[in-house]
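Taken in sequence, the protein lines are chains A and B.
Counting from 1, position 75 in the first sequence corresponds to residue 75 in my numbering; the numbering is continuous, with no gaps.
Counting from 1, position 94 in the second sequence corresponds to residue 94 in my numbering; the numbering is continuous, with no gaps.
What the hints contain is simulated information worked out from the structure, not anything from laboratory work.
Don't take every hint at face value.
Stated by the list, open to error - A few chain A residues facing chain B, derived, Cβ under 8 Å: (1) Ala15; (2) Val16; (3) Ile20; (4) Tyr29; (5) Arg32; (6) His59; (7) Gly60; (8) Phe64; (9) Glu84; (10) Gly85; (11) Trp86; (12) Gly87.
Said to hold, decoys possible - Chain B residues, not near chain A, derived (Cβ > 10 Å throughout): (13) Tyr8; (14) Asp9; (15) Ala43; (16) Lys126.
To be verified - Once the Cα atoms are required to be at most 20 Å apart in a straight line, the calculated DMTMM-like pairs of lysine to aspartate or glutamate come out as: (17) Lys30/B - Glu46/B; (18) Lys31/A - Asp111/B; (19) Lys31/A - Asp69/B; (20) Lys67/A - Asp18/B; (21) Lys67/A - Asp56/B; (22) Lys115/B - Asp42/A; (23) Lys89/A - Glu37/B; (24) Lys115/B - Glu125/B; (25) Lys31/A - Glu53/B; (26) Lys30/B - Glu45/B; (27) Lys59/B - Asp69/B; (28) Lys30/B - Asp58/A; (29) Lys116/B - Asp27/A; (30) Lys116/B - Asp42/A; (31) Lys38/A - Glu49/B; (32) Lys30/B - Asp66/A; (33) Lys62/B - Glu46/B; (34) Lys67/A - Glu37/B; (35) Lys115/B - Asp27/A; (36) Lys30/B - Asp83/A; (37) Lys31/A - Asp107/B; (38) Lys30/B - Asp18/B; (39) Lys31/A - Asp42/A; (40) Lys62/B - Glu49/B.
Fair warning: this is a prediction, and the values are worked out from it, not measured in the lab.
Backbone N, C-alpha and C fix where the C-beta goes; we use that ideal spot for every residue, glycine too.
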Amino acid sequence: MARIIGGITSSHIPAVGNAITDGLTQDHYWKRFFDGYKPVHDWLEEKQPDLIIIVYNDHGLNFFLDKIPTFAIGCADTYENADEGWGLKPTSPYTGDAEFSWHLAESLINQ
Amino acid sequence: MVWRKHDYDEISGTYVFDGQRAHSSYALNKLFYSFNEEVNRTAFEESPEVYCENFDLSKEHKALVLNQDFLGILRAGANIYYMAKYCIPRGVSVQDAGAAFQGITGDEFRDKLLKKRDGLEERLEKEGGYWNG
Chain A
1 MARIIGGITS
11 SHIPAVGNAI
21 TDGLTQDHYW
31 KRFFDGYKPV
41 HDWLEEKQPD
51 LIIIVYNDHG
61 LNFFLDKIPT
71 FAIGCADTYE
81 NADEGWGLKP
91 TSPYTGDAEF
101 SWHLAESLIN
111 Q
Chain B
1 MVWRKHDYDE
11 ISGTYVFDGQ
21 RAHSSYALNK
31 LFYSFNEEVN
41 RTAFEESPEV
51 YCENFDLSKE
61 HKALVLNQDF
71 LGILRAGANI
81 YYMAKYCIPR
91 GVSVQDAGAA
101 FQGITGDEFR
111 DKLLKKRDGL
121 EERLEKEGGY
131 WNG
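So that you can see chain A by itself, here it is in the shape it has in the complex (with noise of 0.2 Å):
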């Protein structure tokens, strides 16, 4: 059986992915928003989760208003970004785990 170790949220504005892209984590105006993500990297480092669960909102790239799932699950193997029309540079893809994401769909379903 697995266990839940943590919860962490952050907000997600577009703006925040633009002063990454553009350099600006240490900038007066981000710096404290970018500095309390320290103590939740080193939480990290130390528990080394063996599987993290995104949870995010659609930011209008995947679905638009005559297909708007209240939840969706991605059970893929791995997870591009592109430009959403906004100008954000896109970041390398990342890993899923496709088979604990159908056991976590499936799981839902059958509940």
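Dock chain B against chain A, hints included.
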């Protein structure tokens, strides 16, 4: 049937994106959603008017897009996530929209946010390490 009233209908200075707005602005949002694809962004840049013809926009909504009337577009029921794909490349950010809601410029809004942090450590201490803004 008429549109149901909600307690958020009359919030001063903002417009809640709900079913009624999603319905009346469907074509407008669909146009903005199309900007996910670079090929569509380029086609729009080349000829905004011709590009708008691909979408079933009302005359009023088309005029708002062609005139870059950002606040008018929000009032018309644009969803901020779709709309940002149109505004940000034109130099208007979501933060500027927040500023416009308060009747101040984007720079004034940034300054206001920065000022808000003054004395944060003291406030945090007073509230036991927690501050909800």
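Check: CA of Lys30/B to CA of Glu46/B, is that 20 Å or under?
Finding: Within the cut-off at roughly 19 Å; holds.
Notebook entry, point to check: Is the Cα-Cα distance between Lys30/B and Asp18/B 20 Å or less?
Noted result: Between Lys30/B and Asp18/B the Cα gap is close to 16 Å, so the pair holds against 20 Å.
Item checked: Assertion that Ala43/B lies outside the chain A interface [Cβ separation over 10 Å] -> Ala43/B is indeed farther than 10 Å from all Cβ atoms of chain A, at 13 Å.
Note to self: Hinted pair, alpha-carbon criterion (20 Å max): Lys30/B, Asp58/A. Please report holds or violated.
What the structure shows: The given pair, whose Cα atoms are some 15 Å apart, holds under the 20 Å limit.
Next item on the list: Tell me if Gly85/A is really an interface residue toward chain B, meaning its C-beta lies closer than 8 Å to one of theirs.
Entry: 3 Å, holds
Checklist line | Given pair status - Asp69/B, Lys59/B, alpha carbons within 20 Å | finding: 14 Å, holds
Next item on the list: Mind checking the alpha carbons of Lys67/A and Glu37/B for me, to see if they're no more than 20 Å apart?
Entry: Distance of about 18 Å is within 20 Å: holds.
Note to self: Quick check on Val16/A please, does its C-beta sit within 8 Å of some C-beta on chain B?
What the structure shows: Violated, about 12 Å.
Next item on the list: Mind checking the CB of Trp86/A against every CB in chain B and telling me if the closest is under 8 Å?
Entry: For Trp86/A, the interface hint holds, since the closest Cβ of chain B sits about 4 Å away, which is under 8 Å.
Margin query: With the threshold set at 20 Å, check whether the alpha-carbon distance from Lys62/B to Glu49/B stays at or below it.
Written below: 8 Å, holds
Notebook entry, point to check: Does Lys31/A pair with Asp111/B here, judged by a C-alpha cut-off of 20 Å?
Noted result: Since the Cα atoms of Lys31/A and Asp111/B sit roughly 15 Å apart, the hinted pair holds (cutoff 20 Å).
Checklist line | Hint check: 8 Å Cβ-Cβ cutoff, His59/A to chain B | finding: 5 Å, holds
Going down the numbered hints, you'll see the structure goes against 2, 3, 19, 22, 25, 30, 31, while the others check out.
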